[in-house]
Amino acid sequence: MSKSHLELTNVQMAFDTPHGPFVALENVDLKIRKGEFVSLIGHSGCGKSTVLNIVAGLLQATRGGCVLDGHEVNTPGPERAVVFQNHSLMPWLTVYENVELAVQQVFRKSMNKAERKEWILHNLKLVNMDHALHKRPGEISGGMAQRVGIARALAMKPSVLLMDEPFGALDALTRAHLQDSLMEIQQDLNSTVIMITHDVDEAVLLSDRIVMMTNGPAATIGEELHIKLPRPRNRVTLADNPEYVHYRQAVLSFLYEKQRFPGKGQEEQGEQNTEEPAPIHTEETPGVESSQPESPVRRIA
Amino acid sequence: MTTLSQTDSLSQGQRWLRALTEKLAGRSLAETGRQLLLPAIGIALFLGFWHLAAPQVQTSLGAFPGPAQVLEQTGQLWQEHSNQRDRAAQFVTMQEERNERILTENPNAEVKIRDYPGAPTFIDQIFTSLGTVLAGFVLATIIAVPLGIIIGLNRHFSAAVNPLIQIFKPVSPLAWLPLVTMVVSATYVSDDPMFAKSFLTSMITVTLCSLWPTLINTSVGVAAVNPDLLNVSKVLQLSFWTHVRKVVLPSSVPMIFTGLRVSLGIAWMVLIAAEMLAQSPGLGKFVWDEFQNGSSQSLSRIMVAVLAIGFIGFLLDRIMLLIQKKVAWNE
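Protein chains in written order, with the numbering used here: chain A, 1050 to 1350; chain B, 14 to 344.
Chain A on its own, in the form it takes in the complex (with noise of 0.2 Å):
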């Protein structure tokens, strides 16, 4: 396709440790196109949280680095606004404030009051959360919550959408009807998304591109699958879709049986975000703590 939009070039992070560095990730190479909505999907620990946070500016790279529109990322900032997988809303403001909050920062200058209180209102109604305007997040569901803290996200009119499994705490209803508005809303605005995830279905329904990566330490990109799905995607239809049952496929034979065991060394990543398992975890075997296959790197795309 075109120019990549985002750029992620040989990227290695490594933790400083009591025990000497922690090499979390190594050699990440990573090209977005502008639109394309990727997910990352991965085992526990192997450092997915830690790609979206240096695309974040959240945390820097040790090596390498990332380019946005032509600008490498060092810092923090609205054009790459994150979705955080418990909403992260100030619980002492409302929802509509909560947007504000956001709307102000960036477009202060832009925009006058009554843009800004039309452009904050746009967004609440765009993922249906208009009703609920001067509730706090306390008296709201998690799922509605959501909402929300995807509402703030996408009111900074950001470059690249990041989510950090943003449906990951949600019962399984309330995760597919935010999956099915945030497709609509991906489809509506044509926003470049990376999410992380656990669920392999999510995955393949959401993305454009399926990123796996390997354990760690040391984790790495080791597959990529393009999803070709024609748009809009229906989660009932695709049910047995040969094609959608394929992808689904590739990527669970790539968490189970390529990289099956979780890499040992995932207790001193130095990740502050506390991944749950995975909700299709079925053939875990627990205790079994033998050192891992080492995959041959493999590229489909």
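No lab work stands behind these hints, which were simulated from the structure alone.
We put the beta carbon where it would ideally sit given N, CA and C, even for glycine.
Check the hints yourself; a few may be wrong.
Said to hold, decoys possible - Partial pick of chain A residues on the chain B-facing surface, computed with a CB cut under 10 Å:
id, residue
1, R1129
2, L1138
3, R1201
4, T1223
5, L1227
Starting from the known structure of chain A, arrange chain B on it as the hints suggest.
Relative to chain A, chain B alone:
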């Protein structure tokens, strides 16, 4: 069949009224009754014990006062206060009448009105004490909250200041007082002082003793802001001031208020001791004067002061709680 139609014939309004009266008379009255009953029993038992035990304690000033004597002295103190007020009012009207007379004789004469020179009453002392404690507490808050924010935000600063806090926190007001007294009398030199030196001494002592809980709680609250919210602030590129105003402060308000309540309690406790020692006007001085006076009523009057001190301390805490409920988002 008839009974059924009868109940049916009860109008909606009647039924509603009955439900209401049942609710008011039955359930909620029982509820409030239960809530009041046990404290009332506790107080009654305490009064009974006090009444029986007090005459057994003999002192050089007679028997220890029981509840009856204390109640009597409360009335007495109130009486003295209102008498004093009347006399003060009379004193002023007398002066006004005299001034009027002088002015009619000579319109250019200079006239003044002098304040009533009588000694402050128990009630006056209460208000003096309240004023001093509030001044000390406000000063402590003005110092402790911003300093706590800086300590909470900056790990290096926190490490540098922490030993000092730990050392000064447990110091008793009695140890500070002589130092404060000497420093105030040496530095606060003015021909027309706005504040009495004794007031400044007690106020500063109160400040020095009461700022620690607020300081520590503020710094802990600021340091404990949810890291996700800090990331949001970074992504939004909030400026330092906006970050403090919109993220750090609101997030730590509950902790700050817990500290403020402890601080106010300490301030009130310290104040009484400071007033006793510094001889600055207030409840502490009242207690000390009564002790020195040594009349047969002194012990009862001191006991009135003790109860007043406790009751006011309780009220101050309630007021802080009310303010906290208004201000904090998690209440």
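In ascending order, which of the hints set out earlier in this document are inconsistent with the structure?
The structure breaks hints 4, 5; every other hint is satisfied.
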